[in-house]
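So the sequences go chain by chain: A, B and C.
Per numbering that gives the first Met the number 0, the first sequence starts with residue 0, numbered consecutively.
Per numbering that gives the first Met the number 0, the second sequence starts with residue 0, numbered consecutively.
Per numbering that gives the first Met the number 0, the third sequence starts with residue 0, numbered consecutively.
Keep in mind that a hint or two might mislead.
[To be verified] Derived pair list, reagent style DSS-like, types lysine-lysine, alpha-carbon separation capped at 30 Å:
| # | chain 1 | residue 1 | chain 2 | residue 2 |
| --- | --- | --- | --- | --- |
| 1 | A | Lys193 | C | Lys193 |
| 2 | A | Lys51 | B | Lys292 |
| 3 | B | Lys193 | A | Lys83 |
| 4 | B | Lys83 | C | Lys51 |
| 5 | C | Lys193 | B | Lys86 |
| 6 | A | Lys193 | A | Lys292 |
| 7 | B | Lys83 | B | Lys51 |
| 8 | C | Lys193 | C | Lys86 |
| 9 | C | Lys292 | A | Lys292 |
| 10 | A | Lys292 | C | Lys51 |
| 11 | C | Lys51 | C | Lys86 |
| 12 | C | Lys193 | A | Lys292 |
| 13 | B | Lys51 | B | Lys193 |
| 14 | B | Lys292 | C | Lys292 |
| 15 | B | Lys51 | A | Lys86 |
| 16 | B | Lys292 | A | Lys292 |
| 17 | B | Lys51 | C | Lys292 |
Derived by calculation from the structure, the hints in this document are not laboratory data.
In case you want the letters, here they are:
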Amino acid sequence: MTAHALAELADLLGARLVGDGSLTITGVAGLREARRGDVTFLVNPRYEGYLKDTGASAVLVAEVRPDCAIAQLVAADPYMAFLKAVKIFRQERPRPPVGVHPTAVVASGVVLGRDVSIGAHAVIEEGATLGDRVVVMAQCYVGHRARLGTDTFLYPQVVVREDCRLGERVVLHSNVTIGADGFGYARNEGSLFKVPQVGNVVLDDDVEVGAGTCIDRATTGTTRIGAGTKIDNLVQIGHNVELGRHVIVAAMSGIAGSTRVADDVTIGAQAGVNGHIVIGEGATVASRGGVTKSVPAGAIVSGVLPARPHGLERRIQASIARLPQLVQRILRLEQRVAELSGEAPPDGAAAQPAPDPAASAVPAAPEPVAPARR
Amino acid sequence: MTAHALAELADLLGARLVGDGSLTITGVAGLREARRGDVTFLVNPRYEGYLKDTGASAVLVAEVRPDCAIAQLVAADPYMAFLKAVKIFRQERPRPPVGVHPTAVVASGVVLGRDVSIGAHAVIEEGATLGDRVVVMAQCYVGHRARLGTDTFLYPQVVVREDCRLGERVVLHSNVTIGADGFGYARNEGSLFKVPQVGNVVLDDDVEVGAGTCIDRATTGTTRIGAGTKIDNLVQIGHNVELGRHVIVAAMSGIAGSTRVADDVTIGAQAGVNGHIVIGEGATVASRGGVTKSVPAGAIVSGVLPARPHGLERRIQASIARLPQLVQRILRLEQRVAELSGEAPPDGAAAQPAPDPAASAVPAAPEPVAPARR
Amino acid sequence: MTAHALAELADLLGARLVGDGSLTITGVAGLREARRGDVTFLVNPRYEGYLKDTGASAVLVAEVRPDCAIAQLVAADPYMAFLKAVKIFRQERPRPPVGVHPTAVVASGVVLGRDVSIGAHAVIEEGATLGDRVVVMAQCYVGHRARLGTDTFLYPQVVVREDCRLGERVVLHSNVTIGADGFGYARNEGSLFKVPQVGNVVLDDDVEVGAGTCIDRATTGTTRIGAGTKIDNLVQIGHNVELGRHVIVAAMSGIAGSTRVADDVTIGAQAGVNGHIVIGEGATVASRGGVTKSVPAGAIVSGVLPARPHGLERRIQASIARLPQLVQRILRLEQRVAELSGEAPPDGAAAQPAPDPAASAVPAAPEPVAPARR
């Protein structure tokens, strides 16, 4: 177990110590989970209330807090300092020892770099190449002619299909599928005719892909994920998509075939991006955004369908929230105009009641859970 | 094969028999699938039409039906009685025999309770602990120091990463990933800096998790799922989320990091819940609801983005459905006001045609399928 | 490597040659990826700009292009001709050799057809039946009594649970789960009571299922996918759903329990279909459509919640896009009516400013990424 005196830790983190520097620090934790020996941090004012009850021995803060009962480490960016502390105290991730587990099936002719680790029941097919220090954990599948760059790390039960290529320091989490067929069919005289998917997938250096995510192989050519791009869990990347460098794609988003996403784009959770469009450099798609057409560089778009420039979408949403009132205002206007003109209100509008949702053709929200009762 | 005389079954189910009690019942089935020897049930009036053609030998009903050609079992709650019948007749689920399959890889020092079953090609890493009668089916992965409580059951190809803890009677379906890294990156001078994810996941007793679902480990501390909570397929639970007891999360929903969901909450399918908020006890999020801020206890919220109190959302939806008519009514008002004031209509409104969607800046719905044509 | 003279290829594709028929063609590729020796195609005018820079040796087109520097193959449907070319030149997919890999675990009593291939670490449970030429790639799981028809192909790490049946030429991609329990619970005195899921899943001939997709077993009876139906990645099909023939379901869509989808239906990406409804023959659900009630045959529905007939939804969307203007128009009307009637504007409307989204109760779009900061 790593241990540091608090004064020593303050030095390592570049923080100013307020309190007893001789305390022994042995770990890191959030405010609520922290126990004696832990250092914690406070940034979000929402969590201030937890400070007085924390079990931590010390707290990273941006400014000295006179009311704080425990030792303080004052840092310009307490969160970044906390992340440094996490690295100092964390346990090394478990990984299979260097070598090939006796139950792994490694085809003849596979090229293994130095200090490669291959776990139990992993399968490496013919023609694959693994760089130095690659880790393939238990039960992974690496297909024919696949290439994994140095220091690439596959968690258990990853599938990398044939001919796909991973750069250096790529990390794939469990149940990721790289290189399944793209979804392409042509309706032809009633049947569906499969478009063969003969391309591959290339993940450049430092890409990380979350659990359960699928990145499909190209129809022809390459589905490509640029260097440093990070993809969350349960994301779908269609065939022939190209993501740039340092793109973030949050959980459960989907990007349809042949779309290009430029560098430094951020895509929120549960978003959907249409096929054959371009998302410009540095653009942001808000969570749940449904992007139907290309987005210029630097733009922020939001809205479920279609996503629009964020300012416009906010105005529209503000209007939608007032819609029931607007309907009433229109009704009153109709009544007054009818009065002014000495006529009966047009189309019986004055007699028209406020909208009654129960009587409306619009169904209520669907049942949140529909067990198979019948 | 289990078999009961119908009279005997009526007793077991606490139902009143109308018809021939000597019939032999050997199974259960829905109205349409049922064959001779099956008992079925009728609750939903939508399915009444199938009763006259059912192949079942008997039907569970709430009230005697004079028009019914087959034997009837009259029960206060026919559906609950049917579930009892399902339990009486169901075949035991296949499971590996007690013991460790010779192809499983169980590290030295793993603690196995009594009557544990470990299937073919399973991998159990060092320091793991399995309680009595735990079943780990084929090709599962149980990481270092993971703990599985008594009677916990893993279907094939589940991944439980290191240090995660499962209570008693937990059930995980195939391709579940417990404890993959949470998605945390800080943009830092152009690159994305990974926030180490050093916490774990704890599933309390009687939790069930559907196929393909991912529950991420905490950044620090614990992502926790409370006792008796049931999660459907392809759900994403972010790092440091806490779900209470008896929560239902339907398929394809996502809950972002650090959100707390209290006891007895129901979350419909394809919902999304923002991070760092609280869903109060007993609240309901309708299917597809996009929850952007905390929800009070007992509330029902619906709406894709943002979710709102269900009554308000229904009024808004009713207004939205009438929007094209409202536009016409505004246009007519403008014309009449112009007439009344003896002026040309303002801004040329009178000359303005009805909205033409084709000419609108709003794109049509995206192509439902976009094969990679180019 | 396959090679054809271009004149020969023109014959094979039924295309008219314009250019040098003696060129050697060795592959196929998209316009941008193509290199010397490749044939490419041009259909979508959006990609015309790439023609002048393509590295391809020949291009499939619908009409002769005078400006084109490379050889042309003129075909009535250049895309279908291209697909033919793809088939001519593609490499055979890697697959395990005929026979059972020595590390596979095949229970006694499993029935294997002729020329079956079973990969490394696959598990086939008791009572399973595999037809002729079935391919089960590495690390797949085939449950008790499951049946796989002739020429069915499982990519690595597929799970087919007990009693499920696959027809002929079925293709399942990696991390698919067939036959996990349907999601059925009844709230009963505070707890959640599991509804046993004792039915199965049947996939008819020529079904293809994308990576990570889950198709749940029926409560009783069968969840059925009709012949020739194609399902994309990360799709959720609930218990007792029935899909007809030649249905397309694009990525990340979900279909809730007991819904019936008729033949030739197309369901776009990220759609949601409520339980216990019917989607009529040949209907189309646009991407992201949220279908709350039954859809007639041939209809096109779109809209996130609820999906409506596509024409109506477009009119509504056009109105929504103009909502902020409509609010202004209502405000002006109120002012003018007040002037006309010589009164103060009603409810202070004249003094009411344009809607200010910042002050609105409607929250902005949620943070696109919410790392676990606190």
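Query - 30 Å limit on alpha-carbon distance, applied to hinted pair Lys292 (chain B) and Lys292 (chain C) - result: Holds, at about 29 Å.
**Report entry** Pairwise hint evaluation, Lys51 (chain B) against Lys83 (chain B), where the allowed Cα distance is 30 Å at most
**Finding:** Distance of about 24 Å is within 30 Å: holds.
Query - Pair hint Lys51 (chain B) and Lys86 (chain A), alpha-carbon separation not exceeding 30 Å - result: Roughly 69 Å separates the two Cα atoms, so the pair is violated.
Requested in this report: Verify the proposed pairing of Lys51 (chain A) with Lys292 (chain B), using a straight-line Cα cut of 30 Å.
Outcome: holds, 26 Å
Query - Hint consistency between Lys193 (chain C) and Lys86 (chain C) [alpha-carbon to alpha-carbon, up to 30 Å] - result: Roughly 48 Å between the alpha carbons, so the hint for Lys193 (chain C) and Lys86 (chain C) is violated.
Query - Given hint Lys292 (chain C) paired with Lys51 (chain B) - CA-CA distance at most 30 Å - result: holds, 26 Å
Query raised in the report: Can the restraint linking Lys193 (chain C) and Lys292 (chain A) be considered satisfied, given a maximum Cα separation of 30 Å?
Result: violated, 44 Å
Query raised in the report: Given the hinted pair Lys193 (chain A) and Lys292 (chain A), is their alpha-carbon gap at most 30 Å?
Result: holds, 27 Å
Query raised in the report: Can the restraint linking Lys193 (chain A) and Lys193 (chain C) be considered satisfied, given a maximum Cα separation of 30 Å?
Result: Cα-Cα ~40 Å, so violated.
Query raised in the report: Given the hinted pair Lys193 (chain C) and Lys86 (chain B), is their alpha-carbon gap at most 30 Å?
Result: Satisfied, since the Cα-Cα distance of roughly 10 Å is no more than 30 Å.
Report task. Verify the proposed pairing of Lys51 (chain B) with Lys193 (chain B), using a straight-line Cα cut of 30 Å. Result -> Violated, at about 63 Å.
Query raised in the report: Taking 30 Å as the top limit, are the C-alpha atoms of Lys292 (chain A) and Lys51 (chain C) close enough?
Result: holds, 25 Å
Hints 1, 4, 8, 12, 13, 15, counting from the list given before, are not met by this structure.
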